[in-house]
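J.: Now for the letters of each chain:
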Amino acid sequence: MDWLYVLMPIVGVKVFWPGLVILGLGVGIIGGFFGMGGAWMVTPGLNILGFPMAFAIGTDIAHMSGKSLISTMRHAKFGNVDYKLGSVMVLGTVCGVECGSRIVMWLERMGSVALYVRYGYMILLTVIAWVVFSDVRQKQKKDQEARAAGRSVEALSTGLEWHKKLQQLNIPPIVYFPKSGVRCSVWLPVTIALFTGLLAGFLGIGGGLICMPALIYLVGCPTHVAVGTDLFGVMISGLYGAATYSYKGRVDLVAVFIMLVGAAVGAQIGTVATKYVKGYAIRVYFGLAVVGCGISVLLKLLGAAYLPVKPALDVAATILILGLVTALSLFILLNFLKGVAEERKARKEAYAHV
Amino acid sequence: MPLKKRQSFGWKPVLLFLSAAPLLSAAETAQAIVIVADSRKFQGVRLLWANFYNESHFHFALMTTLLIPLAGVLLGSLADLVMSRIGINLKSRSLREG
Chain A
1 MDWLYVLMPI VGVKVFWPGL VILGLGVGII GGFFGMGGAW MVTPGLNILG FPMAFAIGTD
61 IAHMSGKSLI STMRHAKFGN VDYKLGSVMV LGTVCGVECG SRIVMWLERM GSVALYVRYG
121 YMILLTVIAW VVFSDVRQKQ KKDQEARAAG RSVEALSTGL EWHKKLQQLN IPPIVYFPKS
181 GVRCSVWLPV TIALFTGLLA GFLGIGGGLI CMPALIYLVG CPTHVAVGTD LFGVMISGLY
241 GAATYSYKGR VDLVAVFIML VGAAVGAQIG TVATKYVKGY AIRVYFGLAV VGCGISVLLK
301 LLGAAYLPVK PALDVAATIL ILGLVTALSL FILLNFLKGV AEERKARKEA YAHV
Chain B
1 MPLKKRQSFG WKPVLLFLSA APLLSAAETA QAIVIVADSR KFQGVRLLWA NFYNESHFHF
61 ALMTTLLIPL AGVLLGSLAD LVMSRIGINL KSRSLREG
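Listed in order, the protein sequences are those of chains A and B.
Using our numbering, read the first sequence as starting at 1 and increasing by one per residue.
Using our numbering, read the second sequence as starting at 1 and increasing by one per residue.
If you're looking for bench data, these hints aren't it; they were derived computationally from the structure.
Mixed in with the good hints, there may be bad ones.
Unchecked claim - Calculated pairs, SDA-like style, for lysine to any residue (alpha carbon to alpha carbon, straight line, at most 20 Å):
1. A:K300 with A:L288
2. A:K275 with B:S92
3. A:K348 with B:L90
4. B:K91 with A:K300
The following block holds chain B by itself, in its conformation from the complex (with noise of 0.2 Å):
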């Protein structure tokens, strides 16, 4: 079953592989093992997100990709806001080495 996966993979890896690469090597150490969620334990959003997972590793890793960044926009910009709120100006500083 895993090797059926990686093969309907295709082009993917390399278009994924062109957009960055620095992780490579430690991602080759992982090992090869299909692992499973067990959803009986979980109910609601993480309930949906182990299902997800036991589907299809490459919807999970692409949702991954996408949700990261989302929540590192998100979660910048609120701190963003509140870091506003103390009194410092956020926009410039000088650039001085010793």
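If we strip away everything but chain A, and leave its shape as in the complex, we get (with noise of 0.2 Å):
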């Protein structure tokens, strides 16, 4: 069984690749739905495979701009990438990290900062599932009410509406995303983006998980649009990230590519499947998967607080990083699937007329 194994050049120690594919094939599914990078699934993946954390992380953030340019790709295809805005966001990032960073970097010089880290995450984390389970909860309340009035459910109706408060704001200049259908002063976008960046650089991740649901709820993107114009932030950030660990010698391309094989069809697949869920769908899965994320840092936060039962905590958080991957990889391949054979036997019903 030697030949499941790979010498890794960079790192030195022998891997399970048909592992790495899988990986790559999992968190390339759940980032093409969701518009997520994945730091947050696949660093413990690798970690457990054999890695040490820092060529971990390092290999991690250099698949994921490598796997987000995929999904990028197909999702441009659809028209639900906005690069206006993403290109507009990005500027905003780039300053809210470096803040973000820094603010740690002054955490860490006082000794406390894992801990201000991990609440950190916890709160936002509680935050961001609270406001996407209220969102839906209010958008069904909303369409019981039209359908009991009699009125049609617009296709784009959303429950909460910030995003027109905020679109409202008069400060000049206004700029008009046509992708993302938003009229708003450009000031909106930079000033989530520079918020959205702090917070992905104070807890050192790579924004997906905060910028998705700030382009929904802040900006008024469509959540398909959304996905798309994150994923191209993602891109953007994981080519700095690879930079970066590359040039600090943490990254094993070897890895990369082994990844990035799994990844290319699992983002095709992640991608596609997004076509034939309703956004509110994807809105609800990506609550889940928060709310999961959110469980894991619980674990961990209660190992450090109780040592002894620290190891059989952080095996709990590593399997339910790893089960939550699984889970979410499947449920999104059976919609795959599902709408694939629906769309092929409607077209065949179509031809048939003809």
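Since each chain comes alone in its own frame, lean on the hints to assemble the complex.
T.: Printed below as a string of structure tokens:
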């Protein structure tokens, strides 16, 4: 069974390469579907496969940029990427991340960075989950009221409508983003990107987890466009991450390429699956992923507080993350297969009628 | 040695940072240790790559940053080609929230 293992030239460890392909496939599916880089999923996976933590982070980020590029290419063909909005937001994100990382450096000097970051992460994940599920509840309520009144439900109606108030801010220049169908002050996406970048920098994550809901709830992007535009941002940030980590010598390109083989297939599946799933269903699954991620962080926090049970809780957190990745990937894959089968059937019927 | 490498790097980190930055915080937590790849264990392309890594981290970073998008485009196009043969419309989708 030696052929199932490959010696990594930079890390110097023998790695089970099918594990890398499966990991790439899983995170490709989830990333393409939700618009996330998936750093929170891959790093523990690589670590389990034998990568030292610094290499796991570097290799994960490098793979993330390639995977996001593949997903962005596919989303762009569906018209899901608002390049204009994405480019404007990059400016704010750059400044935000720099500020966030400086806060981390300051906290590190005080010796309390890990605790603050984990608590910050927990608060953020709780807020995101609360926003997602209260939005879904309000949307259901509105739809029920519309049906009861005999009105038809609008295709792009939403539950929470914070973005409508924010779009009314009249601070020049006012810009129109045609792909998203959003007209607003340019300072709105820049400020939001600054804030999400600040959080991403502070928490040391790629930002997709924060940016995707921010694009939906604060800018007012339709869910599908938020997913595509967010991936465009993750791709750029991932490239920077790849550059900086490889300069520090913490990227194994052989592992990246092996993972990209799986991710190329996964990204296509995840992206095409968004075609068959309504925007609100994507929001609900995203909310569930956030809850799972939150529970794993909570387990880590409990492990830090109660040292005798730390190893057991760390294992539980890792199992939870990997289980979540597997379950979500399978679920999205099923949606993809079902959608493709239905579309092919409908096409055949249409041809039969001609 | 690693200090010398960093000093000669000059304006390039600024350029890298300006191009995109959202993972800066994670990058800064990486430890400043010089790691050397054990190239004695390898042959062929992997030997070349390990030597390339040992000779210059800057060139290694540059090559990595160029190769990843290239691999992404190649693999993405290949996967695209396969997907285009499964008989579904890959050019449009209906935008519907609920």
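J.: Out of the numbered hints, which ones does the structure contradict?
T.: 4
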